[in-house]
Structure formats: C-alpha cells, structure tokens
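Enquirer: Sequence:
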Amino acid sequence: MSKILVPTDFSNNSYNALYYAARLFQNRECIFHLVNVCSGDNSPDKQKAKIESAQDLDAMVHRLVRDVGENTKHTFKKVSLCSDMTEGVAQYAKDHHVDLTVIGNKGKEDIKHILFGNNAMQIVREISNCPVLIVPLEIDFKKVDKIAFTSNYINPIAKENSKTLQFFCDLSDSVIVPMSIEEDKADAASEKNKADFLKEIGQKCSKEVELPVFDGKVNTILEFVDLWSIDMLCMVYYPHHFFLEFIGKGIIKELNTKLNVPFLILPHNPS
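Counting from 1, one number per residue, gives the positions in the sequence shown under UniProt numbering.
What the hints contain is simulated information worked out from the structure, not anything from laboratory work. All values derive from a computational prediction rather than experimental measurement. All the pointers check out, no bait thrown in.
Simulated pairs of lysine-lysine, BS3-like, Cα-Cα distance not exceeding 27 Å:
hint: 1; residue 1: Lys159; residue 2: Lys204
hint: 2; residue 1: Lys146; residue 2: Lys258
hint: 3; residue 1: Lys159; residue 2: Lys146
hint: 4; residue 1: Lys78; residue 2: Lys46
Generate the whole structure from the sequences, applying the supplied hints.
Expert: Here you go:
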C-alpha cells in the first residue's frame with residue numbers, strides 16, 4: 001500500500017494536488033496522509049486551531065469523495081500539526097516512511113504555506129526520504145502518457161530512483177522520455193551514468209532526445225515539454241550541480257509561471 005503525504009492549507013491549489021493524486025493513484029491501494037500545520041507549537045490558540053483544522057480536513061475528504069466518487073482502495077489519515085511548516089511536514093514524512101509527498105504550487109496568498117518558491121524548495125531540501133510531486137496551479141487531470149526525465153548525468157542515477165520512475169510508468173502505462181541538453185564536451189563518467197540509467201529503465205524508455213540550448217536551459221526544457229506533449233517532468237534533486245541550474249537563482253519563478261505539467265522531484269539519496 002502506497003503512503004502518500006499531502007500537506008494542505010485548504011486552498012484550492014492544495015486541494016487540487018490531492019485531487020490529482022487521487023486520480024493518478026485511482027487503481028492503487030493507498031493511504032493518504034492529509035496534514036495541516038494549523039499553528040505554531042507555542043500558539044495560545046493551539047487547541048482552537050486544531051479543532052478548526054480537524055473540521056476542515058473532514059470537509060476536504062468529503063469534497064474529494066463527492067468529486068471523484070468513493071474508492072475502496074483509498075483510506076485517509078487526517079492530521080493537524082502544531083509546528084513549523086517545513087520542519088513539521090518533513091519530520092512527518094520521515095517518521096511515517098511515506099512513499100510520496102504531493103504539494104500544490106500555490107497556497108493562500110495571505111498565508112505563506114505551500115508555495116512553488118522558497119517554501120517548496122525548503123520542503124524538497126528537507127524531505128530526503130521520498131519523491132515530491134508538485135502539481136501546477138489548478139490543472140485538470142489527464143492521463144500521464146509521457147514522463148520526461150531530464151539530467152546531465154553528472155551523478156549516477158540511484159537504482160531506487162529508476163524504480164520510482166518505473167513505478168510511475170506502471171500507474172498509467174506511461175513511457176519515459178529521456179531528455180538531455182548538449183554540453184560543450186562529452187564526459188566519460190556522465191556517459192557511463194547515462195548508459196547505466198537507460199539500461200536500468202529498459203523497456204519503459206523511448207529514444208533519448210538531445211537538444212541544443214537555443215534560448216537558455218529553462219526555455220529549452222519548457223519548449224521540449226510542449227513540443228513532445230510531455231505529461232510529467234522529472235528530475236533528481238541535487239544540493240548542487242544540475243538541478244540548481246534550473247531551480248536556483250530566481251529561475252524557479254520562471255518555471256512557476258510557465259511549467260504546466262506536474263513536476264516529479266526525486267531525492268538524491270533515496271532511502
């Protein structure tokens with residue numbers, strides 16, 4: 001049974017992340033851990049906040065059942081936490097050995113909770129035991145036919161991450177589309193890492209797409225996602241190297257406004 005953590009601030013975007021996950025995993029037995037960080041640990045209104053949070057979590061589940069129907073394969077654990085947002089979610093993911101964390105890319109504007117920005121990156125950095133799936137602003141669910149995997153293969157791709165990609169392929173009978181950006185010179189270690197990865201994913205893989213940088217790396221990725229009709233983009237998070245070329249230095253704001261498919265982020269050292 002898959003254990004899926006969905007942090008929520010009860011915004012439409014966090015609900016949409018849950019809705020997307022429920023549709024994506026509709027044929028799998030899952031327990032959804034719905035976690036709301038309702039107040040700080042030292043808040044004087046902590047008990048009141050927890051009561052209101054529990055009520056809103058109940059309403060969220062009722063809304064989901066109304067929208068997608070009753071699914072006997074799915075169960076829900078509703079949790080109200082009093083803690084720091086990022087630390088609370090990350091610690092919960094670790095303590096409960098969740099298999100996937102799903103977040104929306106926007107939260108309530110007046111509450112700085114789950115954002116595809118600094119807080120999302122903090123969660124990605126803190127949650128090292130499982131993948132994080134970021135669902136764009138209120139997208140409609142559609143079957144995932146193509147999952148693009150993008151890397152420069154500076155580091156080997158962990159076998160556990162290859163298995164995760166294969167698992168996501170099995171969810172929707174998808175194909176992995178490896179994509180790389182042409183570098184100035186070939187590196188023997190990177191070529192070996194790529195070959196090992198392509199061998200690992202085997203029959204789930206289509207022919208690799210290698211593109212030159214024509215308008216910056218981010219726009220190259222975005223153009224690729226659009227032209228190849230990609231349904232989900234996947235990368236491995238590294239504290240340095242390739243990933244931060246896309247996520248760091250303000251580029252995340254560009255992805256936030258332009259990327260219109262779910263973004264699956266795999267941990268560097270999966271547990």
